[in-house]
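One-letter residues, chain by chain:
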Amino acid sequence: MTGAPLPLASEPSGMRAWLLSAEPHSRWQARLGRFYLGWRAFSRNPLAVVGLGIVLLLILMAIFADVIAPYSPVAGGDLRTQRLLPPSETYWFGTDDQARDIFSRVIHGSRITLFVVVLVALIATPIGLLVGTVSGYLGGWVDTVLMRITDIFLAFPRLILALAFVAALGPGIENAIIAIAITSWPPYARIARAETMMIRNSDFIAAVKLQGASTPRIILGHVVPLCLSSLIVRVTLDMAGIILTAAGLGFLGLGAQPPMPEWGAMVATGRNYLIDQWWVAAMPGIAIFVVSLGFNLLGDGLRDVLDPKAAK
Amino acid sequence: MGAVTDSMIDIQNLQVVYGTGRLRVDAAKNVSFHVEPGAAYGLVGESGSGKSTVLRAICGLAPITSGRVVVEGKEVTSPRGKAFYRTVQMVFQDPYASLHPRHTVDRTLSEPLAIHGEKDAEARILQALREVGLGPSFRFRYPHQLSGGQRQRIAIARALILRPKVLLLDEPTSALDASVQAEILNLLDDLRRRLGLTYILVSHDLAVVAHLCERLLVMRNGEAVEETASAALRSGAASNDYTQALIQASQGFTRVAPQPVRAPAA
Amino acid sequence: MTKPLLDVEDLRVRFHLRTGIVEAVRGVSFQLGRERLGIVGESGSGKSQTGRAILGLTPPPGEVTAKRLAFDGINLQTASKRTLRTLRGGRISMVMQDPKYSLNPVMTIGEQIIEAYRAHVRASKAEARDKALAMLEAVKMRDPGRVFALYPHEVSGGMGQRAMIAMMLVTDPDLLIADEPTSALDVTVSMEVLRILDELVSERGMGLIFISHDLKLVSSFCDRVLVMYAGRVVEELEAKNLREAKHPYTQGLMRCLPMLADDVRPLPTLNRDPAWAL
Chain A
1024 MTGAPLPLAS
1034 EPSGMRAWLL
1044 SAEPHSRWQA
1054 RLGRFYLGWR
1064 AFSRNPLAVV
1074 GLGIVLLLIL
1084 MAIFADVIAP
1094 YSPVAGGDLR
1104 TQRLLPPSET
1114 YWFGTDDQAR
1124 DIFSRVIHGS
1134 RITLFVVVLV
1144 ALIATPIGLL
1154 VGTVSGYLGG
1164 WVDTVLMRIT
1174 DIFLAFPRLI
1184 LALAFVAALG
1194 PGIENAIIAI
1204 AITSWPPYAR
1214 IARAETMMIR
1224 NSDFIAAVKL
1234 QGASTPRIIL
1244 GHVVPLCLSS
1254 LIVRVTLDMA
1264 GIILTAAGLG
1274 FLGLGAQPPM
1284 PEWGAMVATG
1294 RNYLIDQWWV
1304 AAMPGIAIFV
1314 VSLGFNLLGD
1324 GLRDVLDPKA
1334 AK
Chain B
172 MGAVTDSMID
182 IQNLQVVYGT
192 GRLRVDAAKN
202 VSFHVEPGAA
212 YGLVGESGSG
222 KSTVLRAICG
232 LAPITSGRVV
242 VEGKEVTSPR
252 GKAFYRTVQM
262 VFQDPYASLH
272 PRHTVDRTLS
282 EPLAIHGEKD
292 AEARILQALR
302 EVGLGPSFRF
312 RYPHQLSGGQ
322 RQRIAIARAL
332 ILRPKVLLLD
342 EPTSALDASV
352 QAEILNLLDD
362 LRRRLGLTYI
372 LVSHDLAVVA
382 HLCERLLVMR
392 NGEAVEETAS
402 AALRSGAASN
412 DYTQALIQAS
422 QGFTRVAPQP
432 VRAPAA
Chain C
7 MTKPLLDVED
17 LRVRFHLRTG
27 IVEAVRGVSF
37 QLGRERLGIV
47 GESGSGKSQT
57 GRAILGLTPP
67 PGEVTAKRLA
77 FDGINLQTAS
87 KRTLRTLRGG
97 RISMVMQDPK
107 YSLNPVMTIG
117 EQIIEAYRAH
127 VRASKAEARD
137 KALAMLEAVK
147 MRDPGRVFAL
157 YPHEVSGGMG
167 QRAMIAMMLV
177 TDPDLLIADE
187 PTSALDVTVS
197 MEVLRILDEL
207 VSERGMGLIF
217 ISHDLKLVSS
227 FCDRVLVMYA
237 GRVVEELEAK
247 NLREAKHPYT
257 QGLMRCLPML
267 ADDVRPLPTL
277 NRDPAWAL
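Protein chains in written order, with the working numbering: chain A, 1024 to 1335; chain B, 172 to 437; chain C, 7 to 284.
Watch out, some of these pointers could steer you wrong.
[Claimed, not checked] In silico BS3-like cross-links for lysine-lysine, where the CA-CA straight-line distance does not exceed 25 angstroms: (1) A/Lys-1232 / B/Lys-245; (2) A/Lys-1232 / B/Lys-290; (3) A/Lys-1232 / B/Lys-336.
Bear in mind the hints are in silico, worked out from the structure with no lab data behind them.
Predicted model, so just to flag it, every value in this text is computed and none were measured.
Whenever a hint applies, use it, and build me the whole structure from the sequences.
So this is what it looks like as structure tokens:
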């Protein structure tokens, strides 16, 4: 209760009233109402919406790559007449040294990028979340052991470890993903641990303890949901870095192997023609830039919505 | 179940110590009291008096260094078993901190039922809401959609949903406005009579303790100062200087007052 | 009648939020002489926002308007930033609820008092030091020299709040605004702190605005009491006449407290009449 609100805000109606109801009638209505409030806060940030748009575009591009791409991403045209053509009406982004349409390759490359991003998120987030919450909640020697392990992983330079990994297992996009994933979970564990230590001593955790809840139940049902939002924000913000690392590995020839249309590898090929045929490197480079930016903007927007400390 | 006892809760020479060496803190020193079934017992004192520590030691949130805590004739085990939590429940001070911010009222109330494998959750949740004077319309709200008093009612409903015999109340009204405090005190008074509950109430407010409890223990620096009855307190029959000072202070500010009792230098 | 120290007429504090405009203070008027005025109300009544608005400490989305807001004849609404700065902390001071949050954790208490003094009075370091020590003595610190060199985390809540009062009174202000100055303290300690505050205020002839949720405390400490509800003053009365309160809200607030002296059961609760908020 902070004073009496003036009747200036118009009364919500219909669907909105249902979503914003102070007295939801079911679990679903309560949950959707919360989601709607989050979406309203999110959509008020235009840059965040742009970020979301870019990410959605990437997803659509990956799904409908076969439909959108006018040419094959792998098979080239006539090497004598269609090599290294500048952007034109026929080849929107020009062609590369194998006479392949760069536009089609960029479109198909989105699949690889998305594959990397999703897989890294699916591997690294749960590991980080579990290690962090268990470590933070239990404390004591469990915490010490888990955090020292985290420190060890944190001490590896990401790209170098990925290099070593790929050197040992052989180059390939899958190995690159595993390498990136095992080097990206430690910061998540750190965040989850810090959040857990704040939550651990709060009354609502003491209350559920006093109901006789088991430790796994407390961690999974009560601690994890509170750590999740800040982690989602962090993972989204890290996506740009992950894409860049994957592209970096591709650039070094250790990630996706030719003729896969991986953006980093495409930039690498373009390096030889950088002065005279700039589009070969620039087009996939722009794609990397735009998608990284998109994830960053989305992450910023999500932070404003999900992180109660940053929210006003 | 063989032993016949006349105490619901019996605390014998309870001592709680945190840390060792220079960092050693004696949070509770040699505290003893007992509470009969259906009675309400108050622990009064200022911050650092050890009143909350005693409460937390009973339910297992603080370690028992030495001494015995006996509930229904059985000494408690560490860690406490599920049966203990069906007998003893707790209500916390800050209603803003004791409810999970991402859980609806429904989730908060169904959790204890799920943990103890209770059936008929739907009916029991609605009944618990009714008991604390809230309608079914509150069931799917999040804590941020509730006022402080409503939150505290939910916390009480959560503590009651397993049908415990003992309720530990840790300053249940000190975070609330005076008018809301009156409502919660009335509710607690009423629930005790209707459900035959036993209360242990911790508070810094002498008037609140005297209102809700029949007997009380005044505590200071981890030690019991004086055990007395609320009726005696009302008639001003406090033998101890410190208790007298607490009574003075609870009456409001007095311009020409006797020297306040100073705490001994730590 | 002498000129009032503080003259407030139709004070309003509005917060422009996404969800609409919330008016926390809705037309508060009062005059203050060199006396002790209490402002009582429950959370959300606008009592704290009233105190903050006088000092110009309303947090960002807030907007303060008033027909008149004058301190000792100076219009606080049109005064320059510089004038306000010299007034604030110089002639008007504020003591907040929790000393833990209002004292700078990385400076000793003595340094903070010196800084507060030298920000408003031209004085040498030695003079300021003497003044600070005298102030610490005035708030009944047993060993001012020792407390002078302590950091805020090294003192108890009661000592911290006394240090805070020393810091706020070192510039000899004419008006002190105390917002729940003893709510974070134990009862016996808070009585001690209030006694010190009481002495200093009457000795120096200051005006005092004492903001609190505790009707019993305010009425026993102050000369005059404003009772606030939903951003308005619903009743103004002499503290000694509290028993004759007319407004049902004031009456309800008084009755709903459990009393040591008599055992009323169930406690009368407050039925909030929507008309009070109009």
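Hints versus structure:
| no. | hint | result |
| --- | --- | --- |
| 1 | A/Lys-1232 / B/Lys-245 | holds, 21 angstroms |
| 2 | A/Lys-1232 / B/Lys-290 | holds, 20 angstroms |
| 3 | A/Lys-1232 / B/Lys-336 | holds, 18 angstroms |
Of the numbered hints listed earlier, not one is contradicted by the structure.
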